[in-house]
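Use these hints to put chain B onto chain A, whose structure you have.
Read off the chains here:
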Amino acid sequence: MSAFVAALFDPALPFVRNALLAGLLSSVLFGVLGSVVTVKRMAGLAGAISHAVLGGIGLALFLASRGILPGLPPVVGALVFAVLSAALIGFVSLRAKQREDSAINAIWAIGMSLGILFMARTPGYADPMSYLFGNILLVTTRDLALLGVLDLIVVLLAIRYYRQVEAVAFDEEFARARGVPTEGVFLALLALTAVAVVLLQTFVGIVMVIAMLTLPAATAGYVAKSLAGMMVGATIASVVVSTGGLAVAWAADLPAGAVVVTLAGAVFMAGAALRGLAGRKGRSKRGAA
Amino acid sequence: MKVAIRFLDVSFSYEQVSVLDKASFHVHEGEFAAIVGQNGSGKTTVLKLIMGLERPSGGQVEVLGGSAYAARPHVGYVPQLPAYDPSFPVSVRDVVRMGVLHGLTEKRGARATVDRALERADVSDLADRPYAALSGGQRRRVLVARALASEPRLLVLDEPTANMDAASENRLYKVLGELKGSTTIVVVTHDTGFVSDLTDAVLCVGDRAGTGRSIVRHTAEPAEHAPPELYGGKAKRVLHDVSVPDPGRCKECSE
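Chains as they are written, first to last, in the numbering used here: chain A, 76 to 364; chain B, 616 to 870.
Okay, chain A solo, but in the shape it has when bound:
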């Protein structure tokens, strides 16, 4: 831990500070957006978007390397694929009469496969691993600025439309009867999730971003009494596991994203075990009385 703290203040290691800042800024999205994704049961949809993003990254690398669109950054391709897949998922979810899950799984699989195929045809070496599992030590100042802007947008929207989002997630039909534009709220959530997934994948990678959008929120859900409490609790849990994960990864020379997600999973499972124990104690006390 002390080595990590020393590295944070070492002027020669700015990427460590960037990594920590990325973790803290990502925690706001993991906490606020992750709580909504969890209670609205959109984790599968977010998973499909995050995996489809690899297709956009692969396409951008391919077009840039072939000189068709020189200098095209992978994040642009990722953003285009994320928004397109979110739109497609939104259309399928709202309009498809059947086989919604098959269509969403197809978007998940085709996006990933396209990414691998484009990378295979990209001259030079394009390593899918850093996109799949993240490389937090390569976070740029631009990434941090974008994360900060998205944090601000998500927090402001969450404050302004908290009651509507809560109602739509709790009982969609009733919310619609109260005049809440439920389809609009759903599509806005999908769009925000798509953009967030693109920015968050630099931190933990495509494969694990969905874990961080659900595990801290589910952990906070053990104790939260409201959706707002869940958002705050999940943000705090994300800050703890992100910072702790980075410190462990630095000390043990391990991939940071994988350590952070493992830690988040361990905290979630410890929470489940504690909750189970508390429930058993409560039952035996009532039985004795």
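Hint data in this document are derived by calculation from the structure and do not stem from the laboratory. All the pointers check out, no bait thrown in.
Below, simulated DMTMM-like cross-link-like pairs (lysine to aspartate or glutamate); rule was C-alpha separation at most 20 Å, straight line:
(1) K617(B) x E646(B)
(2) K795(B) x D812(B)
(3) K663(B) x E258(A)
(4) K617(B) x D815(B)
(5) K866(B) x D624(B)
(6) K795(B) x E867(B)
(7) K795(B) x D815(B)
(8) K795(B) x E644(B)
(9) K300(A) x D740(B)
(10) K617(B) x D861(B)
(11) K637(B) x E669(B)
(12) K300(A) x D700(B)
(13) K849(B) x D815(B)
(14) K663(B) x E248(A)
(15) K663(B) x E247(A)
(16) K866(B) x D815(B)
(17) K789(B) x E646(B)
(18) K300(A) x D743(B)
Relative to the frame of chain A, chain B by itself:
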């Protein structure tokens, strides 16, 4: 008497399946109406048409003097116990507050309105408890409070007593009895034999007419030997063999 709900030759179908075929009926303001019919007869569709959640394929639906869509802010809705996620962190007060929503805004004075609704539905003592910790009967009364939070002129309840114990059913009908007169109440039930003694109008969905179903108005008379578990024994027996013509208006209607 002013008309709260009027169906004039309303038809509705889900894709190729016809549900209603030229159904007409009306309910006066302040009345307590029961919409009865077998499971799958189309009762919930009638409710959705009243709430503007579905549009008729033919005919006209009028609610509180305008379109069903325009009347939405003044209609309180109590759904059948909706499937909910028991891990959803939400208190009773927050659930009731959902009734104050009006599109992307909230009605002013939400807190006081919510407190009033909790009190009227007799659930003030549950306000700070997690919704998931309640019994089925308590949850149903919380959903009534949520509907009352919108201070509705028309209250619509879908199978409000399904799977409810007799004590909870009595408490619910006591609340509805206190509302009767000041609020138009429409209750949907699959019990075609008996209705609550609060009931002024019985509308039976299910008699086939043409391709879809019609809605027929029946009369009801006090049932002296109603099962005590039904509406606390204060029930009316539906007389299915006596139909009252209802073309969507009557001589008591004031237009």
